[in-house]
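2 protein chains.
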Amino acid sequence: MSLIRWTTAVAVATVALAACQKAETPEQTASRMQAETDSARTAIAAQNARFVRYVNANQADSLALLYPADGVILQPDMPAATGRDSIKARYAALFAPGGVMTLTTVALTANGPVAIERGTWTYMIPAQGKTPAMHLAGKSLVHWHKVNGQWMFAEDMWNNDAPAPAAPAPAARH
Amino acid sequence: MSLIRWTTAVAVATVALAACQKAETPEQTASRMQAETDSARTAIAAQNARFVRYVNANQADSLALLYPADGVILQPDMPAATGRDSIKARYAALFAPGGVMTLTTVALTANGPVAIERGTWTYMIPAQGKTPAMHLAGKSLVHWHKVNGQWMFAEDMWNNDAPAPAAPAPAARH
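Top to bottom, those sequences are chains P and B. In terms of numbering that gives the first Met the number 0, the first sequence opens at residue 0 and continues consecutively. In terms of numbering that gives the first Met the number 0, the second sequence opens at residue 0 and continues consecutively.
Honestly, the hints are just simulated from the structure, not real lab data. Don't take every hint at face value.
Pairs involving identical chains hold if they fit within one copy or between any two copies, as the list cannot separate such chains.
With a Cα cut of at most 25 angstroms, we get these calculated SDA-like pairs of lysine to any residue [what the hints assert, rightly or not]:
hint, residue 1, residue 2
1, K129, T41
2, K129, Y53
3, K129, T119
4, K145, R89
5, K129, L64
6, K145, G98
7, K145, T36
8, K145, R31
9, K145, G111
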């Protein structure tokens, strides 16, 4: 190959590499993240649908498998719980007979294998005996992490929109 | 330029572009994110130190400026509040005279302009008249966003590790 031909090839390759190695501009980052967020939305909605189905079926085992092995829940009025065994035990203690949950995504931001989802939730507990029905509502912030192509609840926090109704006095339950 | 010279240049450029356009491997992503997390840690610690200083000085104005214009707080037992005016009003209502806050980062994950921080907090309220001292403790999950080179609290959620102590009956306050 002639020197001129090599020079041309190297020059073209250098321009190509310079173009690709340059860091994203903030606009390019925002645009790439928007595309990644759009693409994560469906998969995360499917995971949330599973979450709701397992809560409503009182399946704490299945719920815990939506979290990675080192997943963490940050539940109101309890210390954080880490790992599937702890998460399973916490959910099992939260289920109310006949309780029906809904989840709504309010905001989602994805960047590569990381996503943050802000949401709202409701949990309707039917009346039981003399205990009146309860309509709980609140919000959530979830750090999703994509593990082997699957979005999982890496860190999952929630709280309530209003103080929980006082538990009825034991005498009122019978 | 001869056809052969062009062909060579295009071939070299194609190889160069293919090498650089290849997506990161999961290992490369994890390693880059670890470096970005290490580099974000100091700046986020400095923002948290400001947060604590403003809470302890009851400076709701300054606190609100740590949030972007569309920042959101997800406070226990209240609906979400969006924007600096709402955030300022919420914090002003939370301050207790002489209250002292601490914040500790437990886990941090950064990826480009996005970071997620899990933390713990304490808030010590000294006794006042017949109202005993209160030691509150809880946890937080923060979606940080880097805006014009500055890490800000984009979405900030917290809750408690235990139910809040019952407010004393009005008669007990005097």
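How the hints compare with the structure:
1. For a Cα distance limit of 25 angstroms, the shortest separation of K129 from T41 qualifies neither inside one copy, at 42 angstroms, nor across copies, at 55 angstroms.
2. In this assembly of identical chains, the alpha carbons of K129 and Y53 never lie at most 25 angstroms apart, being 27 angstroms within a copy and 47 angstroms across copies at closest.
3. Taking identical chains as interchangeable, the C-alpha atoms of K129 and T119 are never at most 25 angstroms apart, the minima being 29 angstroms within one chain and 39 angstroms between chains.
4. Taking the closest pair of Cα atoms, K145 and R89 come within 25 angstroms of each other only inside a single copy of the chain (24 angstroms); across copies the shortest separation is 34 angstroms, beyond that limit.
5. Proximity of K129 and L64 under a CA criterion of 25 angstroms is satisfied in neither setting, with 36 angstroms inside one chain copy and 49 angstroms between copies.
6. Proximity of K145 to G98 under the C-alpha cut-off of 25 angstroms is found in neither arrangement, the shortest distances being 30 angstroms within a copy and 40 angstroms between copies.
7. With identical chains, the CA atoms of K145 and T36 are at most 25 angstroms apart both within one copy (12 angstroms) and between copies (17 angstroms).
8. For the identical chains of this complex, K145 and R31 are neighbours both inside a copy (17 angstroms) and across copies (16 angstroms), given an alpha-carbon limit of 25 angstroms.
9. Proximity of K145 to G111 under the C-alpha cut-off of 25 angstroms is found in both arrangements, the shortest distances being 8 angstroms within a copy and 16 angstroms between copies.
Comparing the model with each earlier hint shows violations of hints 1, 2, 3, 5 and 6; every other hint is respected.
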